[in-house]
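Asker: Sequence:
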Amino acid sequence: MKEPDNRLFLAFPADELAPALGRLQDWLALPGRRIPSHQFHLTLRFLGQTEMSRQGALERWLGRRTLPAFTLRLNRLGCFPRAGVVWTGPSRVPGALAQLAEEVGLYCASLKLGPPHRAFRPHVTLFRHCAACPLPETEPLVYRPRSLGLYRSVQTEQGPHYEPLHSWPLRA
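For the sequence shown, the numbering used here puts the final residue at 172, and the numbers step up evenly by one.
Be aware that a few hints might be false.
Said to hold, decoys possible - Okay, the calculated beta carbon distance ranges per label pair:
hint: 1; residue 1: R64; residue 2: G22; range: 34 to 42 Å
hint: 2; residue 1: R64; residue 2: T138; range: 37 to 45 Å
hint: 3; residue 1: F80; residue 2: P36; range: 15 to 23 Å
The set of hints was computed from the structure by calculation and includes no laboratory data.
For glycine and all other residues, C-beta sits at the position ideal for the given N, C-alpha and C.
Generate the whole structure from the sequences, applying the supplied hints.
Answerer: Structure below.
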């Protein structure tokens with residue numbers, strides 16, 4: 001029997017930033033599809049279609065770890081033209097976040113989860129189906145995530161819906 005669709009990713013929710021990110025979207029006034037405020041997040045790792053046994057192994061591994069707290073200055077706007085994505089992100093990645101991304105990437109590779117390991121480029125997506133480059137300078141936003149979440153991406157007629165499955169606190 002085929003397992004149900006289970007496209008997963010690990011991300012830091014950005015609920016506290018939603019009002020400021022919404023104002024940034026208004027200010028940019030770009031064509032394309034705005035990301036709804038309840039879906040703002042910073043992806044740590046895309047896992048793709050995931051078997052339940054591997055999901056459980058990842059959840060147990062993350063549950064045994066102390067996940068470091070960090071602060072990001074989202075001070076850049078950028079785009080991934082081929083993907084049609086406009087985003088905001090930091091010009092500098094804190095060491096604690098870079099190390100966590102590396103460790104999670106290595107563990108996921110050992111479970112054969114997600115695409116091959118590639119450079120971590122932290123960002124919060126603001127628009128899809130939009131290829132607006134170059135972009136203006138913007139005022140920095142300070143982002144202090146409080147947790148790391150495991151999410152299921154469910155495709156709907158209105159676009160993807162992100163279903164939270166599990167959450168782990170970040171600790172100073």
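Asker: Hint by hint, say whether it matches the structure.
Answerer: Going through the hints against the structure:
no. : hint                   : result
1   : R64 x G22: 34 to 42 Å  : holds, 36 Å
2   : R64 x T138: 37 to 45 Å : holds, 38 Å
3   : F80 x P36: 15 to 23 Å  : holds, 19 Å
In this structure, none of the earlier numbered hints is contradicted; all agree with it.
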